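Participant: Order-wise, the sequence lines are chains A and B.
Position 249 of the first sequence, counting from 1, maps to 249 under the working numbering, and the rest follow consecutively.
Position 31 of the second sequence, counting from 1, maps to 1031 under the working numbering, and the rest follow consecutively.
Simulated from the structure, these hints should not be mistaken for lab results.
Possibly wrong hints are sitting among the right ones.
What the hints assert, rightly or not - Partial selection, computed: residues in chain B whose CB lies under 7 Å from chain A: (1) LEU1020; (2) HIS1023; (3) ARG1027; (4) VAL1062; (5) SER1066; (6) LEU1071; (7) THR1072; (8) THR1103.
None of these values were measured; they are calculated from a predicted model.
Don't be surprised by glycine CBs; every beta carbon is placed ideally from N, CA and C.
There are 2 protein chains.
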Amino acid sequence: MILTVTLNTAVDITYRVRALRPHSSHRVSEVTERPGGKGLNVARVLAALGHRVTVTGFSGGVTGRSLREQLTGCAGLVDALVPVSGPTRRTIAVVDTASGDTTQLNEPGPEITPAEWAAFQETYGHLLRSASAVALCGSLPPGVPVGAYAGLVRAARAAAVPVLLDTSGEPLRRGVAARPDIVKPNADELAELTGSHEPLLATRDARRRGAHAVVASLGARGLLARTPEGLWRAAPPGQMRGNPTGAGDSAVAGLLSGLVENLPWPERLARAVALSAATVLAPVAGEFDRQAYEALANRIAVTEDATAA
Amino acid sequence: MILTVTLNTAVDITYRVRALRPHSSHRVSEVTERPGGKGLNVARVLAALGHRVTVTGFSGGVTGRSLREQLTGCAGLVDALVPVSGPTRRTIAVVDTASGDTTQLNEPGPEITPAEWAAFQETYGHLLRSASAVALCGSLPPGVPVGAYAGLVRAARAAAVPVLLDTSGEPLRRGVAARPDIVKPNADELAELTGSHEPLLATRDARRRGAHAVVASLGARGLLARTPEGLWRAAPPGQMRGNPTGAGDSAVAGLLSGLVENLPWPERLARAVALSAATVLAPVAGEFDRQAYEALANRIAVTEDATAA
């Protein structure tokens, strides 16, 4: 199975209002709710691609119960979340019906105690034994040490399980130094890590810092992958119109599934870009449009750049 | 016991953010959560005053479970909520830390089925038998007939239980026609009911429509009560600075407790205004400041207006 780790799981709530006006009262016309947090999004896409996936991380309180109930409805997905006393956070996306513009409100997440963090590490160690790959995704809840991902990367490497890291800031900086197989920063995260806004230079710097392969997601320009096997660019055929929520998580699912299927890098990248574009095109935020994915899969331009490697 | 009815219960969530900016992302610095809906607020104040209170209405889903768990912590309060399949709504108050300004997002509430509405009416009928007074509070969730409060007022009167109605719009219009003992509209609700923005005229009109007593809450100006025993004004000593959330519900609790204690109208009104002012002054929205209440209780000016009666 593929293991995805979401330390800061969330119940993602979407509200529709006519137009958000600060300091006034709004009647919400539509409420939707789904399990969230980057690793859970990755897991759903992997399950939809036919992979067996186990999700771990933390869940607690009534929001955590709600999240776990909703996960039981996801075929191919095994829930190995570790219970904690604090409540799982909510994120609220307030969408203006008229313009489609979104205002985001993110709760910080529960305070994790040292004992809960220790319990998670034990569970993680057990799960690694039957994992073909692991993705470490998203922000850290309060109480989890900033070097958490570095430790989880080292444990995966000690267990000979390929590990992908998708986070930001100091947890990314420390995690990269622990030598993960793949990091997938977006342009901002990559610039924050390396100090360079030039993806060609920045991906090289990120590899020097410890990452074996760096796959940078550059929005509409697709992916730039610097790997031990070469340097590639993969781009969708033209601009996709829609909601980019979850597009990065779908790219991670594409990279991981390609990894466990032993696909060469160009095919992994094509799959990641097609899934990402099909997520932007989907009517529901964070889902991917399967027809669009299948139509796009053979239309992704992947080019190798031997000179800049 | 005193019975309070909250058909559209809510989990009231308060978020603190630095300043709400539409179409951007916000990290919530503080999350608080409490059982909400006007009838539950009234019940909490009654319980704090030492009355035995039973709460009924609807609760459902994980939000409903959370609400009921939080109610078990309220001393003096008995939970007789009727379970429904739809989830209890949330209300979110986003408070700007800098200015204290609040942006409100209110979910619509669960769709109530005809069978659930019938189950509620049966429960209500049973509870009326041991009630000394009943308060019908707040909006109706989807699916409940617009004449709901009219029916509940008639049932209370048939059981000889004094009934107070605190709602708005068409449910208020129909409810008033069923001859409740007290209605407690605010200035806007009263104007909507009667077409008059002149409280002296509007309260007279509301009595003609069927209410035995009309107690209009006029914000900082206090209460105007038109009753079979006379016409009174009750006002706090000067402007109160603070959060008016729940001030109207505290006034209802003051009126109801005064009713079951057989206090004369001036004392009921003084208590209602003191509780209301002590709610504005409390640091937590919807709570009342007991010290402020006790200090204010003897300082409320109640004046009878014999000429305008």
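Participant: Next, verify each hint and record whether it holds.
Facilitator: Going through the hints against the structure:
A cut of 7 Å between beta carbons decides the hint on LEU1020/B: the least distance to chain A is about 5 Å, and the hint holds. The criterion of a C-beta within 7 Å of any C-beta in chain A is met by HIS1023/B, whose closest approach is roughly 4 Å, and the hint holds. For the restraint placing ARG1027/B at the interface with chain A, the shortest Cβ-Cβ distance is roughly 6 Å, inside the 7 Å limit, so the hint holds. The restraint placing VAL1062/B at the interface with chain A holds, with a minimum CB-CB distance near 4 Å, inside the 7 Å limit.
A distance limit of 7 Å between C-beta atoms decides the matter here; for SER1066/B the minimum to chain A is near 4 Å, and the interface restraint holds. This hint is violated: LEU1071/B has a C-beta 13 Å from the nearest C-beta of chain A, more than the 7 Å allowed. The beta carbon of THR1072/B is not positioned within 7 Å of any beta carbon in chain A (closest approach about 13 Å), and the interface hint is therefore violated. The interface hint given for THR1103/B holds, since its Cβ lies 5 Å from the closest Cβ of chain A, which is under the 7 Å cut-off.
Comparing the model with each earlier hint shows violations of hints 6 and 7; every other hint is respected.
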